[in-house]
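Q: Work the whole structure out from these sequences, hints included.
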Amino acid sequence: MKPPFSILSSHYPGNKTVSREALFQELGWQDLIQNPSYANTCAIRISVALVKSGITLRGGLVIQKGPHRGRRIETGQARLAKMLAEPAYFGKAEVFRRDDAVTGIASRKGMAAFWNIPGYMNGRGGHIDLIDGARAICGSDCYWTASEMWFWPLR
1 MKPPFSILSS HYPGNKTVSR EALFQELGWQ DLIQNPSYAN TCAIRISVAL VKSGITLRGG
61 LVIQKGPHRG RRIETGQARL AKMLAEPAYF GKAEVFRRDD AVTGIASRKG MAAFWNIPGY
121 MNGRGGHIDL IDGARAICGS DCYWTASEMW FWPLR
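Position 20 of the sequence shown, counting from 1, maps to 20 under the working numbering, and the rest follow consecutively.
What the hints contain is simulated information worked out from the structure, not anything from laboratory work. Ideal Cβ positions, reconstructed from N, Cα and C, are used throughout, including at glycine. Treat the hints with care, since some could be wrong.
As the list claims (entries may be wrong) - List time: in silico DMTMM-like cross-link candidates among lysine to aspartate or glutamate, alpha-carbon distance up to 25 Å:
no. : residue 1 : residue 2
1   : K52       : D99
2   : K52       : D31
3   : K52       : E148
4   : K2        : E86
5   : K92       : D141
6   : K82       : D141
7   : K82       : E94
8   : K109      : E21
9   : K82       : D100
10  : K52       : E21
11  : K2        : E94
As the list claims (entries may be wrong) - If you anchor each label on the Cβ, the simulated ranges turn out as follows:
no. : residue 1 : residue 2 : range
12  : M121      : S19       : 21 to 29 Å
13  : R58       : P4        : 20 to 28 Å
14  : D100      : G66       : 37 to 45 Å
15  : Q30       : T103      : 40 to 48 Å
16  : V95       : Q25       : 23 to 31 Å
17  : Q30       : G104      : 38 to 46 Å
18  : G104      : R69       : 37 to 45 Å
19  : Q30       : R97       : 40 to 48 Å
20  : P4        : R69       : 22 to 30 Å
21  : G54       : Q34       : 14 to 22 Å
22  : E21       : R79       : 19 to 27 Å
23  : V62       : Q34       : 14 to 22 Å
24  : E21       : D99       : 34 to 42 Å
A: Structure follows, in structure tokens:
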């Protein structure tokens, strides 16, 4: 089930407005604030938006406090993107190569997973984010130089 973009984006704790520390405090993960393994929070932020929009995720870490206590958060970009590509979640993504992504996504709204970002984890790193193409912005960061992008349009 895909939530409307407006609902998902209203629950998205972007890195420009919610610090990593504040995000982890909200989730009851104070012990992870200084853990370098959790420095990258893109999948966590998207997971929080999904959970607050009524989506139940499997695997990952458990929210320790607040109204969503006991629900799960996926902390890894690749695992979250692959989960979302399953029919029970968002289904198959539209796949774009580097040179076609901006044109293919254009002024649309949705979620994107960026794969093999040059200069990040030796070109093997990824990112997942919301995209508001009408305003030409990503929730946190866009990586149009990634070798491949998966896009799920949202209404």
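Q: Between D100 and G66, does the beta-carbon spacing fit 37 to 45 Å?
A: The hinted range 37 to 45 Å holds for D100 and G66, with Cβ atoms some 40 Å apart.
Q: Starting from the hint 22 to 30 Å, judge whether the C-beta atoms of P4 and R69 obey it.
A: holds (25 Å)
Q: Compare the distance between the alpha carbons of K52 and E21 with 25 Å, and conclude whether the hinted pair is satisfied.
A: The given pair, whose Cα atoms are some 19 Å apart, holds under the 25 Å limit.
Q: Look at the Cβ atoms of E21 and R79 and judge whether their distance stays inside 19 to 27 Å.
A: Between E21 and R79, where Cβ atoms are some 24 Å apart, the hint holds.
Q: Please verify whether K2 and E86 have alpha carbons no more than 25 Å apart.
A: Holds - the C-alpha atoms of E86 and K2 are around 12 Å apart, at most 25 Å.
Q: Looking only at beta-carbon atoms, does the pair Q30, R97 fall within the given range of 40 to 48 Å?
A: holds (41 Å)
Q: Look at the Cβ atoms of V95 and Q25 and judge whether their distance stays inside 23 to 31 Å.
A: About 36 Å separates the Cβ atoms of V95 and Q25, which means 23 to 31 Å is violated.
Q: Starting from the hint 14 to 22 Å, judge whether the C-beta atoms of V62 and Q34 obey it.
A: holds (20 Å)
Q: Mind checking the alpha carbons of K82 and D100 for me, to see if they're no more than 25 Å apart?
A: Measuring from Cα to Cα gives roughly 21 Å; hence the hint holds.
Q: Starting from K52, check that the Cα of D99 is at most 25 Å away, please.
A: violated (34 Å)
Q: Are M121 and S19 spaced within 21 to 29 Å by their CB atoms?
A: At 23 Å between Cβs, range holds.
Q: If I claimed the Cβ atoms of R58 and P4 lie 20 to 28 Å apart, would that claim hold in this structure?
A: holds (22 Å)
Checked against the numbered hints above, the structure breaks hints 1, 3, 8, 16 and 21 and satisfies the rest.
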